[in-house]
Structure formats: C-alpha cells, structure tokens
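Asks: Read off the chains here:
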Amino acid sequence: MTTITAQSPPALPQGKPKSKALRRVRESCIMAGLIGCGVFSIATTATIIVILAVEAFRFFRLDEVSFWEFISGTKWSPLLGAEKHFGIWPLISGTLLVTLVAMSVALPLGLITAIWLSEYAKPKVRAVIKPVLEVLAGIPTVVFGFFALTVITPGLRWIHEGFGVYNAASAGLAVAVMCLPIVTSLSEDALRAVPRSLREGAFGLGATRFEVAVRVVTPAALSGIVAAFLLAIARAVGETMIVALAAGASPSLTMDPRSEVQPMTGYMVQIFLGDASNFGPEYYSSYAVAATLFLMTLLLTLIGHRVRVRYRQVYE
Amino acid sequence: MNIPATTLPSPAEQGLNLQGIGSSGEHVAAQPAIEVEGFNAWYGDYHALTNMNIVIPEKRITAFIGPSGCGKSTFLRWINRMNDLVPSARATGTLKLHGQDLLDKATDVVELRRHVGMVFQKPNPFPKSIYDNVAFGPRLHLRMSRGELNQIVEQSLRRAALWEEVKDRLKSPALSLSGGQQQRLCIARAIAVGPSVLLMDEPCSALDPRSTAAIEDLMAQLRNDYTIAIVTHNMQQASRASDYSAFMYQGELIEFGQTEQVFTMPKSEQTQNYITGRFG
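Chains as they are written, first to last, in my numbering: chain A, 14 to 329; chain B, 1004 to 1283.
Bear in mind the hints are in silico, worked out from the structure with no lab data behind them. Keep in mind it's a predicted model, so treat the numbers as computed, not measured. Beta carbons: idealized from backbone N, C-alpha and C, even for Gly. Wrong hints could be hidden among the right ones.
To be verified - Listed next, the stretches of chain B that the computed footprint assigns to chain A, with coverage defined by at least 3 CB atoms under 8 angstroms from CB atoms of chain A:
1. 1053–1062
2. 1192–1204
Unchecked claim - A short list of chain B residues far from chain A (calculated; beta carbon distances all over 12 angstroms):
3. Glu1151
4. Glu1168
5. Ser1214
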C-alpha cells in the first residue's frame, strides 16, 4: 500500500487516521445486512408462491376434482349436496361483479374529485380535504363491511325490493367507498405533478379552466392516473372483509348486482373459519382459488407496469 | 403546396368584438397597439410596477430590458391577463389594447388571449403530437372541417419556419423535437389561434445560439403581421432584433424609445450603465 505524504503548505491540523480495517469490516457488515433484508422479503414472497402452488397441485391430484372442471366448470358447490362441484367461474364472476360495481363508482368519482382538488379547489380547501381523504383510507375494512350491512343494504332494499339481504351491489358500493381515497389521492398527485408551464401554455391560448383540466392536464397525467386505477382495481379484487360480510356465501354465476354472490376471497374466509373441518377437497380447493386470485392480481400488476412504461416513453 | 396567406382566420373574420381590432392592415407610420397610462401592479403588498406610461406600436418589435425582478415579465403577463392565475396579483390604471380597457371586469379573458398570444421562457409543448399542439387552439375556438384545420396547422407551421422540418412527422410527439424546434412549435401554436399581438417572455433564454438566431430571424418575418413585445436579458438580442426598447428598473419604466437611440444615446444614466454592463 502506498502512503501519500502531503508536503504542500499550508498544513492543516492533522488528526489521527481512522482504522482502515475497521472501515472495511463496517462496510461488509452493512452490505450483509442489506442483502439479508432483500433476501428475506424475496424469500417470503417465494415461499408463499411455492406453498400456493404445492397445495393447489395437491387439490388437482384428488379423485373428486379435475383441472378441466376447475377452469371451465360453472358450478361451485364444495360443501352442500351429494355431489361436489368445483367449477371456479361462479367465484370469479362474484369477484368481477363486486369489482365492476365498485370501480364504476370509484374510478369516475375519484378522478373527478382529483381534478376538482388539483385544478379548482382553493389551497386552503385542499389542505383540509387531502388529509381527510387519507384518514378515510386508514379505516379498517371491517368497518366498511359493517357499514354495507347496516346502511347500504337497507338503503338499497328500501329503493328497490329486488335486492337480497346479501347482495353484490351493497358490497360493491362499500368497496367503492374504500377505494375512493386511493383513486383520488393518487390521481391528484399525478395531476399536480403536471408542470405549471403546460397549464400556462393552455391558458395563454385562450383555454378555459375546464379545457385546461380536461384537454391538457389530465392527458399529461394519464400514466399516473392509470396506475392509480389499477392499484384500486387490485385492492377491490383482493378485498376480503367487506365481501365476506355483505356479499353473501352462495356462489352463483350471475351478473345481476341485486343477487347474492360469493367472491373468491369470501370463499376462502368461509373455509378457513371452519366450515370445512376435515382436510378434504374443500379445504385444498381454497388454495386453488387463492392461486387463481394471485394470477389475476399478478396480471393486473403486469398490465399496470406495461402501461406506465409505455406512457412514460411518450410523455417524458 | 402553397396556401394563400388569407387562409388563416384573422380575428376580424372570426367575428370577434374586441373593439378596433378589425381595422388591420393599412398603416404607414406605427399605430398604437397597446396604450398604458398610470399603470400600477401589485403581488399582495409588493408593489411590482409603479406608474407605468408607455405606448407599444402596432406591427413592431418592442423589447423590454432590465435586471431580474424589475417587473418586465409582470407587465407582459398583464397584457394577456395571465396574472389572473396568481391570486394575490392586482393592478390599477389603464391598459388598453386597440382602445379596449383590458383591466375592465367585463373583458373576456378567453377572447383576449385569442388576440394576445404568449410564448414562454421554457418551451412548453403539450405532451401530444406536433399536429395536435398546433391544432389545440383552433380546436378550442373554431368549428371547422378537417381540411380547414389541416390548412391552419400547415400555415401556422410555415409562418413559424418549422414546416419543412416537421411536415413528414406531424404525428410524432412534440417532445421529440429539439429545444429550438419546440420553441418554434410554441410560436406556431400561438399563431394558429390568430392573434394580433405576440408576447414573448425571454423566448431564447433556454436555447443555444443557433436556435436563438433562428427565433430572431423568425421574429423579423413575423414583424410584418404581428405586434411583438419581447422580454429579454440579452442586450445584443434587444439591440439587433427590436424596433423599440424599453428599459425598466425596480418596477419603473426608466426609458423608452427607438432601439437605436436607446442603445447609442440613452437619455438616462441608469440605462447607460445597464446597457454597458456597468450596473450599479
């Protein structure tokens, strides 16, 4: 090792040199710590995926079920009746129906609120509304489920008698309320990130406030808005407590929001809360359902990533 | 393809009712375009402009020079009421465009901004295609066929001296253009609305010397059809590209006159010090 001796005047005060060995040890400790943290989170995820796959595989090895019936069947009756049916579609349709109801309310309402907050609201108003929204996002979902059962469902039944005691619309509306803060808050962040110069450019061409918001700011924030939407959809698809409480427990292949449905997450809750006492096919079926749900949310995440990358290329 | 200059709708043809604007054309000596009397502007308690009096001539280039914070940009942003976007901004006095008082509550700012286009310091094309950028203004204000819109876009790009460079890629993103091209696109975008006045707020400060030269050439061409007010920090630019120069200092208009006179025989010592770089 070469030592550099400083000869150039004027001399600065010379402290004692720090130990190089100690520095090397410290650096490698930090490195090991960081790698450990990274490995831990990746390993956890990997373990979950492996367990899902293994248990789902075991389900398909059972005599009572076939893989083909699972992915194409339209009847799901694992608990009742002489003959058990494991067709996933009633559960998927339950999930999709609740999500559809939720998103058809939460996405437009959230985006419009975000545009109002970002482009119209006075700073003082925004300073109050934004934290309130974020508090709303922190409410436990069981509260929303209870809200659905005790407020939304009676309200819907008062408006129209066709709604069941448990119904998809009620759960969907509660999920919408739950997702609204996410959509609004993230969309608003995306809108506010649009440079002021673009707004001024549009105002300078004689655009009105509304035209600036709709024709310039919203398109420029599109990648962020789409990301917010996809995150909300993923939350809705995976939402468990609200649907378990308010959507019902009878899987049916229907697109009628008035009727009782059972989304995938609702079924898993039912199984693990003890409705299936033995380790029979109904127990393992929940792993197959979970794996399907995992694939759906994974697909959403991938789409979201692709959309973000594509729009970012255009807009930056 | 050569399109006659009359295709671009002038404000008068669009049936606008900003007083006096219809009388375009026949002038020999410079007519007044913007008349300012006893004009004061504030941001909250800060007095940004004090008792300004100036007449900006029509179809000439007027340069506003002065140190940062002297109120040049503030003044420019009052001419198209861009300061309406700043909640604390207010102004008193008279600021007339072709005889109409712009500070009047009844003035429709949307109409006003169709007549007074603005080009900003940093090129700010929308994240849309080149075509959609130029078509943005016309689409806001006019009902027209696809063919008419195509003509407006082509002609605006021609006037901004950008057509030859982009005619084969009108659908590509505006942000794929170079900085200088983007700024000319912003000029084309402003022209497409059919303004009579163009405000330029340091349009070249973010550009390299070659792009700056291109913008200055363009200004010389546009001078025949538009009243141009430009804010610049570049003394050479003001002296070579403008007809009239206004020197401002600490919110006051110190000197205004023909550019040659202001730069060769300034009446005020402050102007003299500023343009020679001995500022103090």
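Asks: Confirm or reject each hint.
Replies: Here's how the hints hold up against the structure:
no.	hint	in the structure
1	1053–1062	violated (count 0)
2	1192–1204	holds (count 3)
3	Glu1151	holds (18 angstroms)
4	Glu1168	holds (20 angstroms)
5	Ser1214	holds (18 angstroms)
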